[in-house]
Amino acid sequence: MSLAANKSNSSRRPVKVVLCLALFSIILLLIGCGFVLYQNQEKLYRQRQIVQRSREVISRIQYILIDLKDAENWQRGYLVTGKDKYLVPYAKARERILPSLKNLQESITDNQTQKQLGDRLESAVKERLFELDDTVAERQNNGFAAASKIMDKRVWQGARDKTRLLISHLKTNEEQLLQTKISKLEQEAALCLILIEVFSFLIVILGLVASATVLALWSRKERAERKFRAVFDQTLEFIGIVSPDGILVDVNKTALNAIGAELKDVTGKPFWETPWWTHSPKEQELLKESIKEARNGSTAGFEASHITESGPITVDFSINPVRDEDGKVILLVPEGRNISDRKKLETVQIVSYKLGQILEAEDNPLKGEIIQEILQLACQTIHWEYGGLWRVDEKNNRLFCASTWSESSCNLSEFENISKDLNLQPGIGLPGQVYVEEKSVWLADVCLSSNFPRAKYAVRLGLHAAVAVPIKVAGKVIGVMEFFSLQIFSPQSETINLIESIGNQIGLYLESKIMERESADLQDQLLSILSNMNDGVFQLNDSGQVIYANPAAITMIGCFSDQVIGKEIHELIRHEQDDCSIQSCALKQAIISGLTYRSETDFLLRMDNTLLPIEQSYAPVLKHGKASGSVLTFRDISKRKEAEKRVSEFYSIVSHELRTPLTSIRGAFGLLEGGKAGELSPKAQHLVSVGRTESERLVRLINDILDIRKIEAGQLELKIREIEATNLLTEAVTNLNPLALEAGVKLSLNIEKEEKILGDKDRLLQVLTNLISNAIKYSEPESCVNVLVRRNLAYLRFSVSDKGPGIRPSDLNKLFRMFQQVDSSDTRQKGGTGLGLATSKSIVELHGGKIGVDTELNKGSTFWFEIPLTGQKKTKEENISNSNKAPSGQPRILIVEDDLATREIMLQQLSALDVDFLLAADGNQALDMARTNNPDLIILDLGLPNIDGFEVVNILKNERNKTALLVYTARDLTNDEKVNLQLGISEHLTKSRTSESEFLQKVRLLLDGLLENKNLA
Amino acid sequence: MSLNKVLIVDDDANIRTIAQISLEDSLNVVLAGSGSEALEVAAREKPDFILLDRMMPGMDGLETLSRLKQDDNTKSIPIIFLTAKIQGHEMADYNGLDVAGVLAKPFDPMTLLDDIRKILENR
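For the record, the sequence lines run as chains A and B. Heads up: the first sequence begins at 1 in this note's numbering, then just goes up one per residue. Heads up: the second sequence begins at 1018 in this note's numbering, then just goes up one per residue.
Just so you know, the hints here were simulated from the structure itself, not pulled from any lab data. Some hints here could point you the wrong way.
Claimed, not checked - Stretches of chain B that chain A covers, calculated by requiring three or more beta carbons in the stretch to come under 8 Å of a beta carbon on chain A:
#1 1026 to 1033
#2 1119 to 1128
Said to hold, decoys possible - With a straight-line cut-off of 25 Å between C-alpha atoms, the simulated BS3-like cross-links for lysine-lysine are:
#3 K1135(B) x K676(A)
#4 K803(A) x K756(A)
#5 K761(A) x K1135(B)
#6 K1092(B) x K676(A)
#7 K645(A) x K676(A)
#8 K439(A) x K472(A)
#9 K126(A) x K69(A)
Note that this is a predicted model, so its numbers are computed, not measured. Note that beta-carbon positions come from the ideal geometry of N, C-alpha and C, so glycine has one too.
Build out the structure end to end from the sequences listed, making use of the hints.
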């Protein structure tokens, strides 16, 4: 604004200068012209004078000639008549001649020729006059004849002619001179005329320029004034102009519109007598004071109230003096800003604050004094005289007046008492109506209401306007507040809003109190559960420190609660191994990564430094999807451990005690069968053989029972190492060849490709042996048992097919249960224990695989099991160093994770898959690897150093990278984020909510999807 | 290596007898019925190898083994456990011990010598 003004000022300045210069030069020119013109005029004037003189000369000459002729005529008359009457005119004429001649001579002094002629004429005239006088005298003295004698003389004639000639000469000369002078005069006059024309032209131009300039200036001023007027009128503030003596000169539209007046109605009056002020003599006085102050040069103001067409408003009013250059106050500018909204807000805030204070002071705001205070506050805020609270008596379905307040000066105690004595049914009276309608009701005048039982008293006491609002708790009306005024008011939204907000605040306060009570109850309940449970509970904060321990936990540790609080959880929990580095401690990893953790092999370190075996379960607590501390529950399992130990010992002893005699029996039969005790008869040989095989079966039975027990107790430990499938199969077949040979069954082995798996070789051999020996047992002689190994995605599938009797569908479900040979007679007939398949199932499942059978009655059965292909070992040895090797045909997973521990866990979890791994610890590495190694799947963490996960995805997306993506991150993602985090097929998992198997499943699905796509392609 | 003399240590007399009969055609067999007796016989007889039971009253197989290995006279004798304790976690007990091998009970008396030879040759 100010910049623009400056700019226009500076651009106007040169215009003014040029304008001034132009005016100045035009004026100079005019003066110049005027001067020249003046000089010319003067010259012309002089010329005219000269001409005039010439004309005078000529006329004098003529006068002389005339006078001379007159004199001659009178002379002749006298001469002829001799009468004296001719002498008088003669003398007069004669007397005139000489002065005339003298005058003539004086007037022709400027011309030498004329002067000479004049001199000659003088002498000629004088001579002539002398002659005339002479003749007259002759006549007088000598009579006519003497005189005529003189006249006859030639001389006489000559003098007369000579005079005439001279006069004619003189006249002609002078006439020529005149002619010259006149032509000169005419030239001068023409020049002067031209000058006058030029001069007038200049004057016209000057006039035009001047009027144009004046017009331009005037219209600019006009525009500026219009602009100023528009701003003046359109500003939201009230602005006016007042003369120093307080007369209103001008006022803007905003101010006029507020009171609906015309400018002419208010100007010219003292400002304090305009409609803005007339409603309040007090404010009129204040205004006068302010005007006085402003006149003295200082700004004055106060908070004023105006009654506008839309109701009363509060105005921040000030009046400012405007000074001229000399510092004299020339006018006053009153300004007023409507601050009603702010005021209202302030009022609401003040009321709300006070209400809050009142409410906080007491639990129950509906208690007598408290509600009275609130009613008083409300009444005083809205300037009404009476307030009351009605409460709902649900049992009797009535409303009763619980509390009242009234302005003491108004003597409304009678109304208070009447109200308190009254019971209202729902719908009756003002409170009843509000209770039923569940919303505020305004009555401009209760005296006119048909549904107002207290109307009689209201009329007597002069109560008119009424407003009532409901107090709701959880959507239900529990009370009604009513207010009365001594005046009649139509509904005022502000008042209603204020009262409603008080009602709401009370309602909300009551609601929060109820919730507080409920949550306290809930907390009590939870606390009592925690206190009474036998399991120990620790609540941990984000850094794994104990912030709560329940009594059971305290008892188990054997200390006081404050000795536990603040301890790091690893000060209280011990693992079987002493090593508790982040990499090897699953609990630490769980705390860091927000995962769950379960264990039955950890210990609680008690205060007396003994270890208590515990079963524990750790889980992060999620609040709004975010991890917020965690809970660890644990149970004393020392008794169970003790029992388990005893059972274990019992089994161990029993098995030993059984085996020892069996060893002797088996040995004895073996020696007999082998002929160590001499040759046996064929019958004896057969019997000894039966004894030997049955004792062997007994041993197998014992072994199977021990295995099953271990599996059930979770004690079966696998010695996992990398195994070549070929070796495994060859060994199994080799071991069983004698059996097959004996049964006359052909064993055929079929391995598609050399594959490696991770597993316990002895146990897998046990499974394979079990399946193959079953197949042999149920095969007819001369039939064939096929053993096949085939890769099936991330699994290696072993299958054993026979052409045996097959299995009835109804028997399938009990096939893998203990002691469930389909035909119980089988057990003895086929020499099995009935435990083989159950044990096999357990072993396969412990390997993370599955077992099953495809069978058709009377056609044969195929028993199969699948073990995950190895991947982990390869990764550890080859991953990063060989990451650029040629594609091996195996899927490649790029794992992007900056936390080493989490990465290790993921590698372990994914080791079941036969895939190559690429590892990246930050965004830049991830981008490099994604670009150069073309992984099939990217598993991406989001919080990464340098470039974060979001950015990595964005960059790859821009490069049109379509790699499958699994976003595996610590926090829940919003839908928007999920939409953004997409490349090829994309999935999103939250670490804390995803179990190991879910994670594995998801990766497997993504890889399967990819393989399918590849196959389709 | 040539095998001439074997010491069979087992608290169970029947098993001692079976083992003896299994091996006596080919080897000179000496017997011991307990750990302590085994130490004594081993020191005296200097067998080429010892078949040692693990679960015995008094001094058990593991202790007998360590005593034999501590004694300069007997420490070079190869020892093979002949035991019923061959369950998974029990097998782990033999790791790190100075034993030539482990044979499971019940054993096939007719192939016992072959099994022993295999173990000793592969040692």
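Right, here's what the structure says about each hint:
Coverage of the region 1026 to 1033 of chain B by chain A holds. Counting CB-CB distances below 8 Å, 3 residues qualify, and the rule asks for three or more. With 6 residues carrying a beta carbon less than 8 Å from a beta carbon of chain A, the region 1119 to 1128 of chain B meets the three-residue requirement, and the given coverage holds. Between K1135(B) and K676(A) the CA atoms are separated by roughly 22 Å; this keeps the pair inside 25 Å, and the hint holds. Of the pairs offered as hints, the one joining K803(A) and K756(A) is violated, with about 29 Å between alpha carbons and a cut-off of 25 Å exceeded.
At roughly 21 Å between alpha-carbon atoms, K761(A) and K1135(B) fall within 25 Å of each other, so this suggested pair holds. With a CA separation close to 33 Å, the supplied pair K1092(B) and K676(A) exceeds the 25 Å bound. For the suggested pair K645(A) and K676(A), the alpha carbons sit about 43 Å apart, so the restraint of at most 25 Å is broken. Between K439(A) and K472(A) the alpha-carbon distance is near 10 Å, which keeps this suggested pair within the 25 Å criterion.
The straight-line distance between the Cα atoms of K126(A) and K69(A) is roughly 14 Å, inside the 25 Å bound, and the hint therefore holds.
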